Amino acid sequence: MASDAEQGQLRPAPESFLSKDLVEDISRDGIDPARRSLLQGAFAAAASMAAPVLMADDDPDIVNLPSWTRSLGKPVVANPYGQPSPYEANIVRRQSPGLTRTDQSSVSFTPLQNLFGMITPSGLHFERHHQGWVDIDPRRHRLMINGLVETPLVFTMEDLLRMPSVSRIHFLECGANTGLEWGNVAVPTVQYSHGMLSASEFTGVPVSLLLERAGFDRKRATVLLAEGADGSSMTRTINLDNALDDALVAYGQNGEMLRPENGYPLRLVVPGVQGVSWVKWLRRLEVGDAPWATKDEVAHYVDLMPDGTHRQYTSIQEAKSVITAPSGGQKLLKQGYYDITGLAWSGRGTVEKVEVSVDGGRNWRGARMEGPILPKALTRFHCDWVWQGEEALLQARVTDSTGYIQPSRAQLVEIRGTRSIYHNNAIQTWRVGADGEVHNVQLG
Amino acid sequence: MSSWVRAVPLWLCTMTMTSWAAALPEGLVDLGRPATESEIAAWDIDVRPDFVGLPPGSGDVWAGEEIWLAQCASCHGDFGDSNEIFAPLVLGNITEEDIGNGRVDSLKDPAVARTTLMKVSTLSTLWDYIYRAMPWNAPKSLSQDEVYALVAYLLNLGYVVDDDFVLSDTNMAETQARMPNRNGMSLDHGLWSVSGAPDVSGSSCTADCDAAVTVTSYLPAYAMNAHGNLAEQVRDWGPYPGLWTAAEPEQLAAANVVVEAVLAPEAALTAGGCSGCHQMAGQLVGPGFDAIRVKYAGQEHAAYLRDKIANGGAGVWGSMPMPPMPAVDDDALQQIVAWLTSGEE
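From first to last, the protein sequence lines are chains A and B.
According to my numbering, the first sequence is numbered sequentially starting from 1.
According to my numbering, the second sequence is numbered sequentially starting from 445.
In case anyone wonders, no lab produced these hints; they're calculated from the structure.
Since we're looking at a predicted model, the values are computed, not measured.
Each residue gets a CB set at the ideal place from its N, CA and C atoms; glycine is no exception.
Hints may contain errors.
What the hints assert, rightly or not - According to the in silico footprint, chain B covers these stretches of chain A (three or more CB under 8 Å from chain B):
| no. | stretch |
| --- | --- |
| 1 | 114-128 |
| 2 | 162-173 |
| 3 | 255-268 |
| 4 | 292-300 |
| 5 | 360-369 |
Unchecked claim - Counterexamples of contact, computed for chain A against chain B with all Cβ distances above 12 Å:
| no. | residue |
| --- | --- |
| 6 | 59 |
| 7 | 94 |
| 8 | 388 |
If we strip away everything but chain B, and leave its shape as in the complex, we get (with noise of 0.2 Å):
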């Protein structure tokens, strides 16, 4: 340890290991400092399976259910059922059978849609995360007993509690025995630990392998445009151009001219240098881009402003003494000039 100690640049400069041993370098001791017991308590929040880290509280299914209506119901609809914003929550699917084996059948049922309630084997997942997270817009705002009323509700919806149940602390235990789910989770699998055992393997054969080439699943051509054209999602130059996969090229190049000649080339602006003594509304240095906008609307005026751009000019808008903007490459000359004389809001 002593000699540790001594060594510690020396340590430093040739710390190849990750893993620490018993022996902290020499003053690591004074960075961080205790943590006061409020300050654990504010945030170590956490409830486990087994309970540990719950409050005491509790909620029944009628005031959960007000709760819910008021600030769940939006996202998750009246019932826990909707499917737009989220995954449905409950379905009312689950069987007495389900809840007396604590495995939900369906779940080997492809055509019966996944809900929360299927899946969640531990109670003390449902009120960890309401008290942690929910709702949505504004997570960490319910009481204790709320979230114990919430829960209380969302089991009523999934037919696990009746209609005059009260979750409280001292009931989470024998509630946890009839989660429907309860048994449905394994832990028999080599993907929790680096040196665990895969359940699958590949093959290594290399020449004339038994492997079947036949196409059996691929995009049709009506769904090739659903992720946006893809032309414009890949490098348009290069050996690998994207597909073109949206509707008419012509088109939508024609609405692209539009689309630029309106909105502000504020990439341009920038990079040129204009955006140093030009605002988009109001005299800055110079005037604004919505002054210069109204007084040179019109292509007529096109030649007169690449002039001025380019090579400067005073006496327009006042003393101050517009300087040449070589900054402005041709490409950025043109973007700016359609802009300025465009006209358009």
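Pulled out of the complex, with its shape left as it was, chain A reads as follows (with noise of 0.2 Å):
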């Protein structure tokens, strides 16, 4: 090899489909035409491919075959961090146009319209930043514990990636998912109306586990401060028993680290909770005797009542459930049979039961459910349905574990009103019109 780069030569690749006698013949003397049809004959097979006739019942795109099966594919680490396919384009996050004026401090929903399962692809995951996402050097990143501790203390990100880890699988619900539909309805697809929501198997260290290192006042404590690394250093208040019972430091998220815009290298992790508490680039866990009033306590994250109070540290996402195909925005292009599927999820433990109705909650029967079945988890169901061309009225209703049945709009609102803007958990209702058009409606 090296001789022959030396020589500057390009070595054949050595041709093991034909005899060696042929190949000493052809080296020492070329080719004749004698020696060609020997070539000719040890390619005959490839030759022998005629272009196909097409019959009527013949689908051209298995009888003409493709060119990517009569090609070399393209080769590894083509794409060295893989991407999904370009046909899944479509796929995306998006904004919801005029719902924020900065993008900074806005969101956008996750496609829930188009995926499968109950885990939420981390690119897709939504987002929600109150002043922007940063790029943090995992090398120069600290988590302090401090407040009504023995020992203030200091991690590094090496020290945390020591700690003995458990990894869960959890929903993460914006407190304002849904929200903007209280008053009517505002937006066209489930992307939008619920799609601040997302699943990932989250990787980190019980909170549980830091405070005994730090040696947390069992006395006197009753909530934490979590506190972001970000220009906002977002705050949020913690309850203690939700803290030590399963809150996570998270610094992986489905297999990988967190992406910059879910909080990397490090966020805060709380089962159940709306996901503003999930403070993201968390930079401090502050043990305290009583709850701080932050920003995102006072002025937003409060649900206004009929009465004119604001329910203040509103934070548990209680049990709700959406189809989300067919769903808002889709078309139905055919009779016939059809897979209705969607997600339930409760923050108070696991989806008990799921119920399907074709006609507006007049009728329900049960939907298959998916395991395994987690608490705080999402939980994918389904339910067969045969459509022959008439008008339906979609809906899906959950009970959780704690006996809580998901509630219509007509039974929310009649206690909250509808300018609470948060914890909107009605069940949701996708109009199937007779030309197959789904949309976005309200019951009443």
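Dock chain one against chain two, each of which comes alone in its own frame, and use the hints as you go.
Here's what the structure looks like:
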């Protein structure tokens, strides 16, 4: 090889399909007509492929072999970090136009209508930033634990990755998910109505372990303050019961490190609690004995009731479900069988039961739930449906492990009015028209 | 305790609890180190409603106005009333009666726009947030006295304090007693705790239920395109394509052709391996795409370029041969050649 390279020659690949004698003959004497016919014989199989004749019932995509079946494919690491097929380019996070007027304090929604199963691909996890997202150098990131502790501590990422870790699948829903729909129908698709919802497998260190390590004051402590390292230094008060039960200081998401938009290199995971409390780019946990009334516990993320009071520290995401396909903005092209599918979840436990109605809630039947059914995680459900061209009103309703049943919009609005913004977990209705078009509607 | 220590390997493998009991794994105390006082001071800047954490200092309304106009007004408006970038902070609709009651009465009225000052119950929140996160593009650049002054100005805009007011750490508590919505928050709900009691319950009825099925709200036809063309936001093959909500399919399709011809097919160039040797501008191993696009502008060169990419060649731009590019598939070849021959900037 070295001598070939020195001579500047390309070395032919070994021709192992020809006989050794023939190769030697050609090398010695060149190609004459007799030897050429021998060569052609060796390629006879390839040459025998004639242009196919297409019959009436034949599928040209089967009979006419497509280019990808007749060509060399792309090499490994053409994409060192794999990307979805270009045919999936529509399936991306999107903003709701006019919802916010600055992209740094804004939201992008997960395309629930085209996802499967119970995990959200990390690149499609919805975004909610309060002052833009940042790229943090993990070598320079620290987690501080202070407040009512014996010893205030500082951890490096190296420290945290050395600690005992757990991996858990949990949903993450913004408290304002479906917030645009309190008053009336405002958005066309499930991406915008329910897309501040994602689920991941998170890996990290239990908060209980870190608090134990710092020697927290069991008698006085009731809350934690979680604080981010971004410009907003986002803060939220966390119920200590949640923190000790199943909260994590997480660095992993779906097997890799967190994405920057989701808090790289460290975020808080508070299962069952609204997303704003899952503080991203987490830099500090302070143990305290009274809540902090931070900006997002006073000016925002407070639920306005009809009597003019705001409910403060509303945190738990109550049981909710939604049909993701078929859903608003889609169209059924043919009559016949369809698999109605969607997601159900509860911030208080597991999904016990999902029911589906195709007549606006007059009649319900049990949906088939896929396992594993995990606490504070998404549960995928399915329901067989034969559409015969009639108008239909599709709904799903979840019951969770505490016995709580998801309310209708009327039941929810009766208590909370329509100006709450947050925690709208009402039953969603999709209207299927006789033309197959699916639209977001509310019933009364 | 000692048995825990001896059983560490087994304990790690069988860890099923979430909550750590009093025992920590052996050696864990070596991970993490004590925080220094100045480290804690650098980060622990939070101020609680009882003013724990509030640093000493002061600022008056006039100083606040000056800082406001320089650093805050571009987003919030001169009087905190702008609705351009963020929701209004203050609209001058708080009454003396509200301040007396500690309840902003107009929060009951759906017709009244909700401002920050109508909602905020705790003065500490304003101080804490401005200090930690403002201004928008340069958070943590304000001094503590500047924050006192800005909070004083904001309160003045809401008629909570007079024009000559000086806010300081010594009068925060008495100023809190004038916060217009200080009694407006409720903790009487079940959403703080996992075991909290729900306020609403759904129905368990499964057959012939009394359900209202009249459509009372839907998106009118003119609003269907407010979020863009739904057909392009849903998987465009399969059982549920998206509704076409854009104006005219034909016009859009025509517009797309032009756009695709001008934009570099970067994905195809990368996946096909082209960008290993060619860059957008200037010679690398092979000629830059800029030079190729000048030389071969025009459809008449398409067949030649297709052949060169598929089969390789040598001697056109120099001695370095161009190898055949099998990773460029038919679609990519079409995109690349269309771009190379488009002649457009």
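Item to check | Indices of hints not satisfied (ascending) | outcome: Checked against the structure, the hints that fail are numbers 1, 3 and 7, while the rest are satisfied.
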